[in-house]
Structures are given as structure tokens and as C-alpha cells.
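Given the coordinates of chain R, work out where chain X should sit on it, guided by the hints.
There are 2 protein chains.
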Amino acid sequence: MNDIVEKIVAGDVRTVARLIRDIDDGMPEVREVLKDLYPHTGNAYVIGITGAPGVGKSTLVDQMVAHLRKRDKTVGVLAVDPTSPFSGGAILGDRVRMQRHSMDPGVFIRSLATRGHFGGLTQSTRSAIDVLDAMGKDYILVETVGVGQDEVDVVRSAHTTVIVVIPGMGDDIQAIKAGILEIGDIFLINKADREGCDKTMSDLRMMIEMDQKKYDRGAWKPPILKIQAVFDKGVAEFIDEIDKHARYLADTAGGLDFRASKTKVRQELGEMIKARLIEEVIDRLTESGDFDRAVESIIKGKIDPYTACENLVLPTLS
Amino acid sequence: MNDIVEKIVAGDVRTVARLIRDIDDGMPEVREVLKDLYPHTGNAYVIGITGAPGVGKSTLVDQMVAHLRKRDKTVGVLAVDPTSPFSGGAILGDRVRMQRHSMDPGVFIRSLATRGHFGGLTQSTRSAIDVLDAMGKDYILVETVGVGQDEVDVVRSAHTTVIVVIPGMGDDIQAIKAGILEIGDIFLINKADREGCDKTMSDLRMMIEMDQKKYDRGAWKPPILKIQAVFDKGVAEFIDEIDKHARYLADTAGGLDFRASKTKVRQELGEMIKARLIEEVIDRLTESGDFDRAVESIIKGKIDPYTACENLVLPTLS
Chain R
1 MNDIVEKIVA GDVRTVARLI RDIDDGMPEV REVLKDLYPH TGNAYVIGIT GAPGVGKSTL
61 VDQMVAHLRK RDKTVGVLAV DPTSPFSGGA ILGDRVRMQR HSMDPGVFIR SLATRGHFGG
121 LTQSTRSAID VLDAMGKDYI LVETVGVGQD EVDVVRSAHT TVIVVIPGMG DDIQAIKAGI
181 LEIGDIFLIN KADREGCDKT MSDLRMMIEM DQKKYDRGAW KPPILKIQAV FDKGVAEFID
241 EIDKHARYLA DTAGGLDFRA SKTKVRQELG EMIKARLIEE VIDRLTESGD FDRAVESIIK
301 GKIDPYTACE NLVLPTLS
Chain X
1 MNDIVEKIVA GDVRTVARLI RDIDDGMPEV REVLKDLYPH TGNAYVIGIT GAPGVGKSTL
61 VDQMVAHLRK RDKTVGVLAV DPTSPFSGGA ILGDRVRMQR HSMDPGVFIR SLATRGHFGG
121 LTQSTRSAID VLDAMGKDYI LVETVGVGQD EVDVVRSAHT TVIVVIPGMG DDIQAIKAGI
181 LEIGDIFLIN KADREGCDKT MSDLRMMIEM DQKKYDRGAW KPPILKIQAV FDKGVAEFID
241 EIDKHARYLA DTAGGLDFRA SKTKVRQELG EMIKARLIEE VIDRLTESGD FDRAVESIIK
301 GKIDPYTACE NLVLPTLS
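Residue numbers (full-length UniProt numbering), protein chains in the order written: chain R, 1 to 318; chain X, 1 to 318.
This is chain R alone, in the form it adopts within the complex (with noise of 0.2 Å):
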């Protein structure tokens, strides 16, 4: 046991590339070690990338690991992919992204696809979240892909929230803008030389200064930015402005420890209960063939799926 704690907070990529894919796919073993581990996490600055498909995420993170590297900071990069049933998605990705910096001993990548286990997205990537840092990584940049809940749950574990949009995304923006906004400390606009730019600028600064009052309490008052990734256009200013909002952090109250931040821990321990609840309980009916039987009776119309799951759950509980 031990010697795994000592081989990750040495960095060594091999022990650290197996308790990820331990991790995503729910390997209960993996407890143990991250109690370990936990006493040697708490110094990376994790930042969490997010926006629709196609809005360029995976370009502005290879451009924000060039940057960072050449700031001296080693980088650890989750690419979170849940839509992939076979983690086909995340291999492809993988593969393509790890070839700019795929030389470089600074950097680790990694994708996580978890699925098909209960225990869930958000608590295999909070997990591997800890490794990286106890690992030694100076910061960690989360990708996911979508704006499903999950992915909002995933990015509420970042220090700094990136949403990334791109110019004219059609009827559904006013939605995303009133649900993400609330996550958002950085809103990028990618692709800015595309039509619509200005349109999607003011659309955002119109939703974002909604909150005046806010930020006239002192509440941190996210910027946009107009960049476009793939010429590396604006992507210096954007690191800076992590920098920023790193620095308000620090300042106000919980500053940049997660352990020392309320509303982290207590969604970092409600989701760690969650999925170890899910895991516990699932496997214990699967293995009785209690779970079986009831969807046989409800097959048979024997009885309703509701009554069902009481009949199944209540009993598993002291």
C-alpha cells in the first residue's frame, strides 16, 4: 500500500496511470489508497473547462498546456467523456491529444469515461482529480464535454470554471446562459471571428450583469474574453485571468484550499456517499437475486415498479 503512495507522490506516471483506469472503472481497492493519498493533495489549482460540443475545448486546452509549460507549472489534464459507452470516445481522444506533449515528463493526460458501474462520473473524476495533485502536478485542467448535470457537478470541484461558447449557437443559448452562468468565472467566446461574436458578447454581459449587486458586494465578476484557440489568439490574456480570480481566491474567505471551503466539502462528501451508497446496496441486490426477481414481477405485472423498489430498499436500511 504504502509503496503506491510513495511511487504517485514521486510521480511516477505508470503507478498513477493504473489507479486512474482503477478509478474509472470502479475498482473498490482503490479506497485505500486514496485515503492515503489524501494527506498529499491540496496544493494543485484545478480549473475546469466546459461548453457544447464543437466550441473547441480540446484546442484551448493544448494551447493552455503550451502555455503553462512555458510559465515553468506542470499540468495534469482530465478529458472527461461520459457520452462514450466504450470509452471509444476517450481513446480517441487520448490518442489525439497526447501527441504535442506526449515527450514531456510535465505533462499528464488522461481521459475518464466512466459508465456501466453505478458508482458515477463525478466521484471518478474528484478522485482522479487527487491523484494528479498527490502527484505533484502545479495545476489540473478538467475538460467535459456537454452541459448535462453531470458535467456541472464535475466542474463545481474546479477552483476556476471556464464556460467556452462560440458565436451563434442558436435557440437553445438563452437556456445554457441561465444554467451555467451560475458556475462560470471565466466565459470564453471562441472561434471570435466568426459571425454573431459581438451578439453572443453582449447576450453574455447582459446575463452576467444581472448580478451587479453582487459584485458590487465584493462577489467576483466574471469576465469574457474573445479568443480563438486554434491561432493561440488570446489564450495569454485568459491564463492571466486565471491568475486573477486565483489571486480573489486567495483573498476572501476559504482561499484556495478545497479542504478549507464549506460548499466544496459538501459536495465533495454528498457525491463520495452517493455513489459508495449506490455501489454498497446495488451490488448486495444483484448478488441475492432480489433485484432479478423483482423485475421478473414487474415484467409479470405482478407489481409496480414503485412499490417494488420500496419493497427492495427500505429492508437494505438499519
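Simulated from the structure, these hints should not be mistaken for laboratory data. Misleading hints may appear alongside valid ones.
Claimed, not checked - Dumping the calculated EDC-like pairs for lysine to aspartate or glutamate here, alpha-carbon to alpha-carbon at most 20 Å:
id, chain 1, residue 1, chain 2, residue 2
1, R, Lys264, X, Glu296
2, R, Lys35, X, Asp243
3, X, Lys300, R, Asp36
4, X, Lys70, X, Glu241
5, R, Lys302, R, Asp292
6, R, Lys262, X, Asp240
7, R, Lys264, X, Glu310
8, X, Lys7, X, Asp22
9, X, Lys302, R, Glu310
10, X, Lys35, R, Glu310
11, X, Lys233, X, Asp243
12, R, Lys302, X, Asp22
13, R, Lys35, X, Asp198
14, R, Lys264, X, Asp292
15, X, Lys35, R, Asp304
16, X, Lys264, R, Asp290
17, X, Lys264, R, Asp203
18, X, Lys302, R, Asp36
19, R, Lys262, X, Asp22
20, X, Lys35, R, Glu296
21, X, Lys262, R, Asp292
22, R, Lys221, R, Asp232
23, X, Lys226, X, Asp193
24, X, Lys262, R, Glu32
25, X, Lys70, X, Asp240
26, X, Lys233, X, Glu279
27, X, Lys35, X, Glu279
28, X, Lys73, X, Glu279
29, R, Lys262, X, Glu32
30, R, Lys264, X, Asp290
31, R, Lys70, R, Asp232
32, X, Lys233, X, Asp193
33, R, Lys214, R, Asp232
34, X, Lys264, R, Glu310
35, X, Lys264, R, Asp36
36, R, Lys264, R, Glu296
37, X, Lys264, X, Asp251
38, R, Lys221, R, Glu195
39, X, Lys221, X, Asp243
40, R, Lys213, R, Asp198
Being a predicted model, the structure only gives us computed values, none of them experimental.
Just chain X now, kept in the frame of chain R:
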């Protein structure tokens, strides 16, 4: 109790609206009503519509309603928007959507924006489908924003799942296609007059044909249709494809009744157990103060969250 059930089965709009709001708010009282409603369900045909923001799902759903109404079918629409923290997005959505069909008693439209309580979106949506089903709607259209795990779980409940894309969606499309291929019964390329439509068509076709062996054995081969929802181009043909898929389902094992499909029942019961478990346990841990005490200990560095989680979860299980 029976009064509520009677009113819903009779199609009373106000009772249905109130029950769905209670489901969305996670009220425990709804459980008993859902049990009693269950025998009245299993008659509606459920269509899931998903795709990235901006592909025009709302416009498409609006046109589908018009077509189904022309065919004398009654329609329920559930717009699932998990990204909205204040249900602001959903409310906005409702207003926009209601306009055209608001005076038609054959159409019932509601948004779900469940968050904040642990029960989860998939479960709320499943229950809301049951309500519209018991209410007697012939078709239920479930529209989801985004492509996260939540959305995938939601559309898994549908008879026919429709994936909407637009031409030229950029870097992420490979990953998305890998993720949604498995769940898509019909693929639509909306805004098909845009540049890159043929490329998107051939990309999708290539991905689908990778499973050719499956189709040779009789599995449903997802058609890909070019449409322009805003001009109602291709929508009638699309509805015909849905009919074709429904006939396919009726002809093959399992048929159209959800309750006869083992995979669907397993999925549904699993989700229900998950939601119920979390609700019960989180409530207990919150009320007893154990949860808050654990949060304090983690913040003070007295315990790591992994051990704290174990200490909280294991005693709640019998």
C-alpha cells in the same frame, strides 16, 4: 388519493400540472399517487429527442406536435433542462413553446428542471412520462438539452430515440457520435442546407455501418434524414420513420410495452432504487447532524473524506 388518480386518468390538466410540479420538486407524497397511476400506464408511445445545444430541437418538437395533431394524435411534451439552476431556462422555454399549441387541448407541454434534491432527473422524467401516459396522451415527446450521462439515461426510457445534429459540428463530433450511436434509432441532420451536410451524412453513415453485422442479424438500422425543421422540410418523412420503428419494435421480442422489456425494466428499477436510497440516507444524515459534523472534521484536517464517507454510510445499512 383515488380522486387524484381519477382526475389524471380523465385528463384533468390542472391536476396533471400540479403532480408534475410536485415530481419536479421531489415531494415524497407523489410516490403513492404514482403507484396507483401505474396500472393506467403503458399505452403511450415515447419519443426521445436529443442533441447538442443549437441544433434546433425545440423547433423540431414544435413541428412534430403539429404533424401528430394533423394525424389526430394527442401529444405530451416534456422538455428536460438540467442546466438551469433556477428553472429559469425551463420557464423561459415553456413560454416560448406554449404559444403555438397553447390553446389546443390535445397538447400538454411541461418543462422539468430538477436539481438541488438528490433524487435525480432521470427518475423525475420517468415519473412525468408515467403521468402523461396515464393522462391518455398518444405520443410523449421528451426533449433533452445536451449529451451528458443524464440525458443518455433519460432517452433510454424512450421507444424511439432521435439524435439531432447539424452540419459541421467540429472537433467533438467523433466523440459524440461514438457516444450516441448506441442509443440512436433515427438520426436527423437539421439545417441541412448548411455547408458540410454531405460530410456529416457520410461520417454518420460510416459510423452506423460499422455495426453492419448486427443489422444483418435483423437489428434495426438507424436511418439518417436530412431535414430543415424551421421550414417543415422532411418532418413528415421523419414521422413516417418513427412509425416504421414502432412497427419494428412491435414485431420483435419485447414489443411496445415498456413493462415487457427486461432491459428497460432493469434500467428503470435501478434508477428508482438509486434515487430512493440517496433520498432516504441523505435525509437521515442531514437531520442527525452527522453530515455536518463530518464536514467540519474534514475541514479541520481531522479525517480524510474517504474515511468520513465510509463512517457515515456503513452504519446506515442493515
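Is Lys35(X) within 20 Å of Glu296(R), Cα to Cα? Answer holds: Lys35(X) to Glu296(R) is near 17 Å, not above 20 Å.
Take a quick look at whether Lys262(X) and Asp292(R) sit within 20 Å of each other, Cα to Cα. holds (10 Å)
Given the hint that Lys264(R) pairs with Asp290(X), does the C-alpha gap stay at or below 20 Å? holds (17 Å)
Straight-line Cα separation of Lys226(X) and Asp193(X) no greater than 20 Å? holds (9 Å)
Need the status of pair Lys35(X), Asp304(R): alpha-carbon distance at most 20 Å? holds (6 Å)
CA of Lys213(R) to CA of Asp198(R), is that 20 Å or under? violated (25 Å)
20 Å limit on alpha-carbon distance, applied to hinted pair Lys214(R) and Asp232(R): violated (33 Å)
Is the Cα-Cα distance between Lys264(R) and Glu310(X) 20 Å or less? Since the Cα atoms of Lys264(R) and Glu310(X) sit roughly 18 Å apart, the hinted pair holds (cutoff 20 Å).
Distance restraint between Lys302(R) and Asp292(R), which requires alpha-carbon spacing of 20 Å or less: Holds: Lys302(R) and Asp292(R) sit about 14 Å apart, inside 20 Å.
Would the hint linking Lys70(X) and Glu241(X) be met if the CA-CA limit is 20 Å? holds (17 Å)
Keeping to a limit of 20 Å between CA atoms, is the pair of Lys264(R) and Asp292(X) held or broken? holds (13 Å)
Pair hint Lys262(X) and Glu32(R), alpha-carbon separation not exceeding 20 Å: At roughly 36 Å apart (the allowed maximum being 20 Å), Glu32(R) and Lys262(X) break the hint.
The structure fails hints 2, 6, 9, 12, 13, 17, 19, 22, 24, 26, 28, 29, 33, 35, 36, 38, 40 (numbered hints given earlier, in ascending order).
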